[in-house]
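Student: Residue numbers (numbering that gives the first Met the number 0), protein chains in the order written: chain A, 0 to 388; chain B, 0 to 412.
Calculated directly from the structure, the hints in this document are not laboratory data. Do not rely on the hints blindly, as some may be mistaken.
Claimed, not checked - Below, a sample of chain B positions facing chain A; criterion: calculated Cβ distance under 10 Å:
#1 PRO62
#2 THR84
#3 THR90
#4 ALA141
What the hints assert, rightly or not - Sample of chain B residues with no beta-carbon within 12 Å of chain A, all distances over it, derived:
#5 LEU4
#6 ARG9
#7 LYS15
#8 CYS50
#9 ARG87
#10 PHE206
#11 HIS251
#12 THR278
#13 GLY318
#14 SER333
#15 ARG373
#16 ALA400
#17 ALA405
Ideal Cβ positions, reconstructed from N, Cα and C, are used throughout, including at glycine.
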Amino acid sequence: MARQPYDGVVVTVPVTVPYRRYSTNTAHWWVGRAVHGVIQGAGLKSADIDGLSLSSFTVGPDTAIGLTQHLGLSPRWLDHVPLGGASGVVALRRAARAVQCGDAEFVVCVAGDTNQVDSFRRMLSTFSRFAQDAVYPYGSGGPNASFALITRNYMKHYGATREDFGKICVAQRDNALKFPYALMKKKLTLDEYLGARAISDPIHLFDCVMPCAGAEAFLVCREDRARSLGLPAARLLATIERHNAFPEDPIQYRGGWALDIAEFYAMAGVTADDVDFVQTYDDYPVICMMQIEDLGFCAKGEGPEFVRSHTLTADGSFPHNTSGGQLSVGQAGAAGGFLGLVETVRQLTGEALGTAVPDALVGLASGFGMINYDRGLASGAALLAGGTA
Amino acid sequence: MTEPLARPKRKNPLKKTRVPMLPQGVRSRTALGLTAAAAEGRFRLQVCDDCAAVIYPPRDACPRCLSPRLPFKDVDDRGTLLAETTIRTSTDVYFRERMPWRIGTVQLDAGPSIVAHLHGDLSEGQRTRLELKLDKSGQAIAIALPAEDTPNMQDDPQWRELTCDPKFRRVLITDGRTAVGQALAEALSEAGASIVFVGIADPWKPFAGEDRLRKLERVEIVALDMTDTISVNECAGEFAPRVDILINTAEHVRTGGIIERKGLTVAREELEVRYFGLTRLAQAFGPVLRARGADGVNSAAAFVNLLSVYALANWPAYGAFSATEAACLSAAQSLRAELRPGGVKVVNVFFGPLETEWYQAVPPPKVAPSALARATVRALQQGLEDVFVGDIAEDIRARLAVNPKALERELGS
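In isolation and in its complexed conformation, chain A is listed as follows (with noise of 0.2 Å):
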């Protein structure tokens, strides 16, 4: 059965609460400032909001019912969605559904975390069953380590250099440096990003994201409801959505996407040709390689080539994370998977903070997360037209 378009369902209001290295505040703190932001964005009141969406790694022990209190929210239409970096899109992706089938009307799409000086390393330790008994006691190096088995592997099979994935890091620098909410302010060059420090070998200090507090959010409600609160709003073409793809592989090198990725374009009715810039989920640059291969760009092994052929600064040729990315604005715990999106929707709008893509019509943003014990569990992307597409 051919799925039904998500017609008449717009994204709106993107809202980021500015990052910060450590916070003493709570995660409701930042959750609520971001709520806050979406309300007065829209020129809502509290009440209006009848559907709310929550991820968050530190809201605990509270899930997404307990800030319905916390804030005031009355919603008829709850979800919470602890996926990390998939968050954003998963949660869109229903709170189109609730809103097109009139399920709610205004839903809030939100995802904030506090980063206190421990509350990483507490949290690596107990992330997940898996990760409790067969990763953390293997040197506790974190996602870091799983992360450069996975690089160290795709190096060997597909001959991706340093080089390359530095150029993905240098240019997402590069666009952070227009971007004000980056926590990342000092200009990086190849040179620089070769002679970092190694965290966890092919992994160097450029190559991961810094773990930090903040919030996004964005209200997704039918077209007409936009328009009526004068709202520049993004549509959605189309989601993806995909957990556990391809267990039988020994080691990462696909994810989720390329199960789906026909069906991805089909329903949006356009191809990767068509998209004018991607906002990959890139908690380290060979997952942005993998999705630029798995969403279609070009072929499996053929990631490394792309990066050398193309320039990527968001007035470049394959225009990417054109807010610089986890990787140089920060990694707010699962606003990271808000991230993208966010950034699209700016960029859809005309609200762009940093530099513009020029004439971007058709933005794409992918989310990946949950590195549960080996590898990334959960993979959704979504299309968005601006305007006039």
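Once you have looked at the hints, place chain B on chain A.
Tutor: Okay, now just chain B, sitting in the frame of chain A:
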């Protein structure tokens, strides 16, 4: 190739002794199946009873057929190292002190991929053999070794972190009058221990085997009477900071059950030697051992109990003796928990009747003291926690696992 270990220099007594840290020891209940395998040096993973899938990490449902019947079974330990990394930054204090640390992804021939510690002589793309070991937290981890043994491979720092190798360590054997104590002194001297202190109660009294014992290289006789608290405390006062491996060889073997003993004299005597002796030893040496678990190449490593296998199931022909051994086993379980904060292993070596005078009337098979000594040294070199030496011990172990009640009746008939 592994760089051979250098003999550690004398320690500067003014320097701080490093506080032992442990890697995270929290595991799911199911994952403790790996710990049970590692304790005995087996390579066991879950194998689905219904579809035969080999499963890792440990699960409660088969990812192929959803069966809940997933017992741990011996599986092929061979595989290929697909990718490796050298971790240089860790959030964990234990590993932070031991950086850099190599791990890798091993694809087992049997199916699953396992993230494992790597032996220094193994590199990416090579064939490998996996072993399950107990790390300092006492929980199981997998380590990938070269497919074929390499020179000095036991000296690899990541491997040595998992073992209690006597090489360059200092050992105290509590009773050198026994045949087992003497055999152990010889075996440990050969295994490269820096010094083997051998306890003798009333050293002025001559004993069988004394000349041979005194001639062994790097063996030093010290006064130690396990039935005398002052003697044990004095020995600890002088030697405890220099003892890395403690082996309790004190023995007291008499035939007979509980009723026919008539009175408590013999029972008291055997408890004095065995249970109270062990208690004295643990109280005198335990705190120092526990504090020295991360003290360099010759850190404190192991507290070894030689236990009759009848500690696990009473043999009424030696009924009172079995009961005392059971008390010692129970104490050893407590010691495991008490010494774990120091990363010091408590090794229980279970043996059947020995080839000694006290088991004169017992028919073979019996365990030669030298065989028991070799098995003990091997257990230390391999980092095992529970060892069964000889056919009888293995047999009791197997029968106990199948049906403890049947074993009780069989031993009592």
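Student: Checked against the structure, which of the hints given earlier come out wrong?
Tutor: 9
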